[in-house]
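Participant: Listed below, chain by chain, are the residues.
Protein chains: 2
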Amino acid sequence: MAQIQKDSASLVADWETLRRIFIRPEDDNSKKVLVKYMEQILFGLHDFLNKHVGVTEEISLIKLAEEYTDTKINKNPQKKLANVIKDIIDEIAPRAVNVASPYFIGHMTSAIPFFMVHLKAITAALNQNVIKIETSKVLSVLEKQILAKMHRMIFNFDETFYLEHVQNTETCLGVFTTGGTTANLTALWVARNKLFAPKDDFKSIETDGFYQAMKAHDLERVVILISKRGHFSFRKAGGVLGFGNQNVIPIDVDETRSIDLVKLKKKIKEFGADKKTKIAAIVGIAGATETGIIDPLPQLADICQKHGIHFHVDAAWGGPVLLSEKYSHLLKGIERADSVSIDCHKQFYMPMTAGMVYFKDPKALDQIVYHSSYVNRRGSVDLGIKTLEGSREANSLILDSSLKIMGSRGYALMIEYGIETARQFSEIIEKRPLFQLLTKPQLNIVTYRMIPENIREQLKTADEIERRRLDAILDDINTRIQRTQREAGKSFVSRTQLKINTTDDYDTVVLRCVIMNPMTNVSILNEILDEQESILKNILPATPFQ
Amino acid sequence: MAQIQKDSASLVADWETLRRIFIRPEDDNSKKVLVKYMEQILFGLHDFLNKHVGVTEEISLIKLAEEYTDTKINKNPQKKLANVIKDIIDEIAPRAVNVASPYFIGHMTSAIPFFMVHLKAITAALNQNVIKIETSKVLSVLEKQILAKMHRMIFNFDETFYLEHVQNTETCLGVFTTGGTTANLTALWVARNKLFAPKDDFKSIETDGFYQAMKAHDLERVVILISKRGHFSFRKAGGVLGFGNQNVIPIDVDETRSIDLVKLKKKIKEFGADKKTKIAAIVGIAGATETGIIDPLPQLADICQKHGIHFHVDAAWGGPVLLSEKYSHLLKGIERADSVSIDCHKQFYMPMTAGMVYFKDPKALDQIVYHSSYVNRRGSVDLGIKTLEGSREANSLILDSSLKIMGSRGYALMIEYGIETARQFSEIIEKRPLFQLLTKPQLNIVTYRMIPENIREQLKTADEIERRRLDAILDDINTRIQRTQREAGKSFVSRTQLKINTTDDYDTVVLRCVIMNPMTNVSILNEILDEQESILKNILPATPFQ
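Those sequence lines, one after another, are chains E and S.
Mapped onto numbering that gives the first Met the number 0, the consecutive letters of the first sequence carry residue numbers 0 to 545.
Mapped onto numbering that gives the first Met the number 0, the consecutive letters of the second sequence carry residue numbers 0 to 545.
Any given hint might turn out to be false.
As the list claims (entries may be wrong) - Label-pair ranges, simulated between beta-carbon atoms:
| no. | chain 1 | residue 1 | chain 2 | residue 2 | range |
| --- | --- | --- | --- | --- | --- |
| 1 | E | LEU458 | S | HIS216 | 50 to 58 Å |
| 2 | S | ASN82 | E | SER29 | 49 to 57 Å |
| 3 | E | ASP360 | S | THR478 | 32 to 40 Å |
| 4 | S | LYS362 | E | LYS74 | 54 to 62 Å |
| 5 | S | ASP475 | E | HIS328 | 55 to 63 Å |
| 6 | S | VAL11 | E | ILE61 | 50 to 58 Å |
Bear in mind the hints are in silico, worked out from the structure with no lab data behind them.
Model, not experiment: these values are computed from the prediction.
Just so you know, even glycine gets a beta-carbon here, dropped at the ideal spot from N, CA and C.
Whenever a hint applies, use it, and build me the whole structure from the sequences.
Facilitator: Right, dumping it as structure tokens:
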């Protein structure tokens, strides 16, 4: 340790020092130093988070970027560990985004329980790789158990089913991924492969490729249907998997902002009439990224069942609502899905990043099996045989531990608080004359926009052309409100684009709040709205809205 | 805190406790408790790692699995944080794999410097999401800087180039991924998209899909060429991206165990003669997973240049060798690649999991751009616009900090130690009469097998048929040696299958060692060989090899 702590002026990389950083220190003094560093990490960062009420220091990106232009790697050590930690606390943290602030309600990233830092540290200290049993042992077994627990939460089969599959090395109830994007990709990958049965010389799309699959099955087009509010990872998956992202077909939403079933059925009929087109999957959303809205899952399940189409539910956001006895009914129908994605770093409040995808059929993942000779051999229990990703950390240990510490009831309390606070927030918005609520929130996401008094008056009598002109002005105003508030650094809401009325043929800028931090309360939400009102007052004179 | 520490018998999830676990504690006593937990994580696990010299406790998987069959989620909290940590230290860790042991030389997972646990804890505590600037700010800027540093390490353009691109929001020198698998997938994704230029109604393979792309370009088959020793992620990428994994064509290796250039050229000629077939990419390996062998990169670069084919180098393993002035020449030619993958959790000694992929052309990643309206808007600096993955933790901060602490020289010392120890190890193997070295190691991976004396005698005069019979016996012996040693739990080497002679038409079981832990030394390696000799002695009487 003495070696590492010496003056930075004389820092050199030498063999003995390097060996020492691999061996954890034996003497009490060195141990104390290392623990002191952790104290700084836990509470030095904490002091910043507390002092720094707002979300981000006022420093322009351009100015910031100017400080990070040196592209040569230093040959000799530049800093001692202590100084690296100090610099992160003093220089990096204040210029990072305080996502833990209760005033940060713009994105699906929020405060996490403090014990998550401990659990992540444990994961790093063990440094297991769950791709294979030889680098994980008990962690692979534990991962299979937590996968079964989550599967049961979603699909709720009987005890016999779970006893058969929980530690079955031949079957697989789901897999951990690095996030919702690869979880959704994995689900569509399985759906794609299921679609193309072997035929004559054609073995599978996985071996023979997309082109040969289409020829063998005499098809010209394969599509995926999803509400317009579907996450952009589906378009990306469409591109990656070879469908073509224009074949991920967005279906309009109805006045509830969930998928319009009439239009969906029309589309299915249209494609059904074309023998050269097939539908690979229909996606239902359980908590849309922008609105939190849940699609009518039972009806989607009926449709998929009737037509024999793979039914995927993207519950990356809403999945943990299943832990709330009070609100799990909102996700009714999810148990009829063929596959379900859930993110761990969202409403399971885990650190970045971890996702999961589950399949009703324990054999479904056989569609994407890969072996090799040095790991993941045939018949082995290696978890990496059926995952998109290769090496993976044991995030399952964090989820397992967190459920032990909080129980499903602990998660439920947070979920319920978010839903109920969002409801109160929406009522406040409706009461304030300068605000327009877009939709009553179903979960904990609220969208709204600001409308200055005189524009509100003009809107009352405006025809379609005039309304469109006024909406463009409002787009400008709301964009500027969001930017000004973000740059002021006290609080943060995000913005997106939605139709105000289902009949509109254009999207309008709206503000978007995600209420997931248990420290965010009605009084803070009122402060955020107050700030927006005062920003509006300041920018109004400069706005050309005659 | 008091709330959390109460007796587990009375653990309930209540709102006040939950709020408190989000607010880091204010009073000194609570702080002390939290730091004490970190001490347990750092040194409790450490004590296990020290006491437990071997790699894994002797408990059968089946017995272990029996303990993890409860699939119901507990409603109320089961354990306090302190007990969760204690249980992990007492029950999970001893049944995990001690990948940090210097006797664990079987896989590319090893000890990591102790400061990595601190850095991972910082990443979790900040919990930034670098998908977008709004949840990362300075971390996105810092990530762009470290990407430029790595790009420079590989491609070594001039200062003007890097000043232009380091913080350029229009260009992208590379991206962080969650590992080598998605890094390789991203490279082939870009190569695939580049291949299909717009034509008449056809816009791109990304929008229109693989089938339309093939039709527009009048093709029947698109292939990727790679040495037989290529990582299995390439076959997987072939399947995912729609090429079909049988179109990832394995080319035999020559007597150096690197790609056979004669056979490669023959294959290119063969495909070139077929107007309906195109080569999307040729992959060169810089450190094969099983053998550590580096393909002849300059020659591959020549071939790719001549035929206008995308040249990808998989340097997931070998990439950091570039930091060694002594051995970087081994990777000569890598600077002529179109894309290069490097893993962070391998020879950058970072915790699981992080990878990177770099592109020579700063516009190459434009092939896979995805936008959305709530994040990653057009013209924004959001890093998530050009990545396969969505949400991502700031692993760049760990790499940046580690380079500051150790310098390139620090990494170089470790790389050089591994290469030189592997060389010594191979010499020892050659001297021991019961062992057969497969190839002289180029990097730090050594493959060999054991041959009992009498079989060695028989091999001297054996014809092809007899040799094959004896090799089958040796396969059985070496498989059993590897298993027995693993189960004994003192040390761990892995096994894979390679051809003994290039002319063989069958693979043979070999033992495989990866020398990356700086605590692994010649004396330990001798112990491991001694143990294998004594295992051989024990199993020989039971082996039917007359």
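Participant: Now, for every hint given, state plainly whether the structure supports it.
Facilitator: A quick look at each hint next to the structure:
1. Our hint of 50 to 58 Å for LEU458 (chain E) and HIS216 (chain S) holds, since their Cβ atoms are close to 51 Å apart.
2. Range check, ASN82 (chain S) to SER29 (chain E): Cβ separation about 28 Å, and the 49 to 57 Å hint is violated.
3. Restraint check, ASP360 (chain E) to THR478 (chain S): a C-beta distance of roughly 33 Å satisfies the suggested window 32 to 40 Å.
4. For the pair LYS362 (chain S) and LYS74 (chain E), the supplied restraint of 54 to 62 Å is violated, since their beta-carbon distance comes to about 31 Å.
5. Range check, ASP475 (chain S) to HIS328 (chain E): Cβ separation about 58 Å, and the 55 to 63 Å hint holds.
6. Between VAL11 (chain S) and ILE61 (chain E) the Cβ separation comes to about 51 Å, which falls inside the hinted range of 50 to 58 Å.
Checked against the numbered hints above, the structure breaks hints 2 and 4 and satisfies the rest.
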